[in-house]
Amino acid sequence: CLEKIPSWNASNICSYHLQEAGATPTQELAFALANAISLLDILAERGHFDDDQFERAVGRISFFVNSGIRFVEEMCKMRAFGELWDEYTKERFDVRNEKYRRFRYGVQVNSLGLTEAQPENNAWRILIETLGVTLSRDARARAVQLPAWNEALSLPRPWDQQWSLRLQQILAYETDLLEYPDLFEGSVVVRSKVDELKAQAREEIDKILGMGGVIPSIESGYMKSSLVRSMSQRMSDINSGDQIVVGLNRWTDGIDSPLLSGEDGGIFQLDESAARDAIASLEETRAKRDPQRAAAALDALKEAARSGESMMEPSIECALARVTTGEWARALRDVFGEYRPATGVDGQKLALSNDRVDAVRHRIDVLAEKLGHRPRVVIGKPGLDGHSNGAEVIAVSARHVGFDVIYSGIRLSPDEIVQSAVEEGADLIGASILSGSHIELTQQIFDKLREYGAADDIDVFVGGIIPQGDFEKLYAMGAKRIFTPSDYELIEIMESITGVIEERLAAG
996 CLEKIPSWNA SNICSYHLQE AGATPTQELA FALANAISLL DILAERGHFD
1046 DDQFERAVGR ISFFVNSGIR FVEEMCKMRA FGELWDEYTK ERFDVRNEKY
1096 RRFRYGVQVN SLGLTEAQPE NNAWRILIET LGVTLSRDAR ARAVQLPAWN
1146 EALSLPRPWD QQWSLRLQQI LAYETDLLEY PDLFEGSVVV RSKVDELKAQ
1196 AREEIDKILG MGGVIPSIES GYMKSSLVRS MSQRMSDINS GDQIVVGLNR
1246 WTDGIDSPLL SGEDGGIFQL DESAARDAIA SLEETRAKRD PQRAAAALDA
1296 LKEAARSGES MMEPSIECAL ARVTTGEWAR ALRDVFGEYR PATGVDGQKL
1346 ALSNDRVDAV RHRIDVLAEK LGHRPRVVIG KPGLDGHSNG AEVIAVSARH
1396 VGFDVIYSGI RLSPDEIVQS AVEEGADLIG ASILSGSHIE LTQQIFDKLR
1446 EYGAADDIDV FVGGIIPQGD FEKLYAMGAK RIFTPSDYEL IEIMESITGV
1496 IEERLAAG
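For the sequence shown, position 348 matches number 1343 in this note's numbering, and the numbering has no gaps at all.
Below, computed lysine-lysine pairings styled on DSS-like, alpha-carbon distance capped at 30 Å: (1) K1202 x K1344; (2) K1365 x K1475; (3) K1365 x K1344; (4) K1085 x K1202.
In case anyone wonders, no lab produced these hints; they're calculated from the structure.
Given only the sequences and the hints, what does the whole structure look like? Please build it.
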């Protein structure tokens, strides 16, 4: 890549998902930079590059970051990112050319903080988060993409995406934002905050590198458990009111938004033919391609994977031979197996202790006596949806109040989830779905429950980005409870799912 496509960023270090998973600014800094440092350590150890090539390889690393609502702190975080990257590449890797030490990043601002309650407020949140990565010239993003105001309700419509694009265009072309040197240069307050973040990040990076680098820190579960702990603390703070979210836990009364009163309710309506059309297109591609060329390309890819050779050229040949992404991934899975990371939920608790928590725990104890075991729930993430925050927080919350919890992470099939529930003797399945496929996946879960003869013994609740218009369909399938981002009170959710088991026992 370095020689044949020298302007291409061969590696992108993505810390966006870290903040979406609960990372603090310090954690986002440290985990992302530790990732990049570990990657460069591997390149240096392999010894394939001379000094000039290695410097150019460093220069082709880019970052994709997040920007949250605390925009002053986020701006300081980005200044810290740039300074730390310059320092580590110079001190640790002896990169002499200042151009190759430049911190180059794109950003999508935070989606985690967008609310289903009073969703019109999200437009202002998105604007404020954008300022964190645009106000400071010396820490300004090279590329910006923004979520849509209604992403806590559904997938965005084309108009919603256009509205976010217009925000960027107004900032760039109507304001004077781009006309001045850095506005914060010389600020004692900013300098102090940047130095504080850098010191905290270096301490965390040293800890990770002391473990042997980012890979051991992932394999041990350290990084994931740290993120789950931060997310659990965030949700505890919102539940207690220590962290104010306007329209969610403060100033919740108001006039209904006219943005939600249109014919489509302000949300994206999925065309049910879209999946069929995609499958038909895939089948047409397979029918028209040269099957021998496709098979040979996959064989070459597997051979490169087994031998440790570069997989780039075989991958390009796979694309030219019209090999599908699924086939490409399956070939690599055949060689390497499938990695199942630590979930990070073990040993975690909420920072919540009050009479309501005690009352739920008492109800759980009563159920344990009646059932002959602790009430048991399988939290499942069906399909390719990788957004695990909700599932992890519910798993931690359920364990906090006394449930036995089985959570095996993301990207499981409905069959795997139901099979786990049957084998573990679960009382409940909680399905977390943020992909827009909640109707199809929930139906598959119920189909599998009937197939295993467990439909009368295991109840199902569903959570995710689920439009109100789909509730009736899910209830008709048999879902006992449905939770969306507006259901932020964790103990209220625990009270509700405890009630599901109580209702089943009462019904005999």
